[in-house]
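> Sequence:
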Amino acid sequence: QNSLSRITAHLASSLGIAHRIAPMSDDRVRSIVDTDEGELAFQHYFVRRRAEPRFRTIRFEGIEIAKPSPALLQALDDPALEAIILCPSNPVLSIAPILALPGIRARLDARKVPVIAVSPFIGGKAIKGPAAKIMAEIGIAPTPAGLADYYDSVLDGIVVDRADAGDHAPSAKLHVTDTLMRGRDDQRRLAAETLAFARTIG
Numbered sequence: 505q506n507s508l509s510r511i512t513a514h515l516a517s518s519l520g521i522a523h524r525i526a527p528m529s530d531d532r533v534r535s536i537v538d539t540d541e542g543e544l545a546f547q548h549y550f551v552r553r554r555a556e557p558r559f560r561t562i563r564f565e566g567i568e569i570a571k572p573s574p575a576l577l578q579a580l581d582d583p584a585l586e587a588i589i590l591c592p593s594n595p596v597l598s599i600a601p602i603l604a605l606p607g608i609r610a611r612l613d614a615r616k617v618p619v620i621a622v623s624p625f626i627g628g629k630a631i632k633g634p635a636a637k638i639m640a641e642i643g644i645a646p647t648p649a650g651l652a653d654y655y656d657s658v659l660d661g662i663v664v665d666r667a668d669a670g671d672h673a674p675s676a677k678l679h680v681t682d683t684l685m686r687g688r689d690d691q692r693r694l695a696a697e698t699l700a701f702a703r704t705i706g
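Counting from 1, position 62 in the sequence shown corresponds to residue 566 in this note's numbering; the numbering is continuous, with no gaps.
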């Protein structure tokens, strides 16, 4: 039986992607969103209902027995690892399930490399998707301080947009730049700045 890791590696190879992509787990984990309309499967909430119901909380069915994928563990245990970057994806829907995997937070602490998040918010708003709406509905401000609080001491630094230059996150260092990526040049610049920022912390 093909695992998610093997299928992902095959797709990456077929598409000519040189970088290794590691799924969080090869085990089945389902995101179930608790809303003011009751519990909804993630795809129902996000696609069919377009994230319109009021978000209350989320649970990850199967997470208690799920194991990190071998590729993820190999990446985290690689002696050459210099930093861990949390990309500007939805903190609640996309990053939280990875951090909820048994043993992942402990591994992040044990590695002693800087953990940097690129904020998905600009001026309190998400460029794409319902991240700001969800954060507000669970009582967390879509700001650098709110992001640091949500990640609960995981972060050493946050890359924030110039629109948020006046904000503070007591538990994490901030790097201020233009985070809106309009094309590949912006993507390369932001990636380079993020890695350079991580090295100043490491």
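Certain hints may be false.
[Claimed, not checked] Calculated cross-link-like contacts (lysine-lysine; reagent style DSSO-like; alpha-carbon spacing at most 27 angstroms):
# : residue 1 : residue 2
1 : K629      : K677
2 : K571      : K629
3 : K571      : K616
4 : K677      : K632
5 : K677      : K637
Quick caveat, the hints were computed from the structure, so don't treat them as lab data.
> All the hints need checking, so say for each whether the structure fits it.
Hints, verified against the model:
The straight-line distance between the Cα atoms of K629 and K677 is roughly 21 angstroms, inside the 27 angstroms bound, and the hint therefore holds. Using a Cα cut-off of 27 angstroms, the hinted pair K571 and K629 is violated, with the two alpha carbons roughly 34 angstroms apart. For the hint pairing K571 with K616, the CA-to-CA distance comes to about 22 angstroms; that is within 27 angstroms, so the pair holds. The hinted pair formed by K677 and K632 meets the criterion: a straight-line CA distance of about 25 angstroms does not exceed 27 angstroms.
At roughly 25 angstroms between alpha-carbon atoms, K677 and K637 fall within 27 angstroms of each other, so this suggested pair holds.
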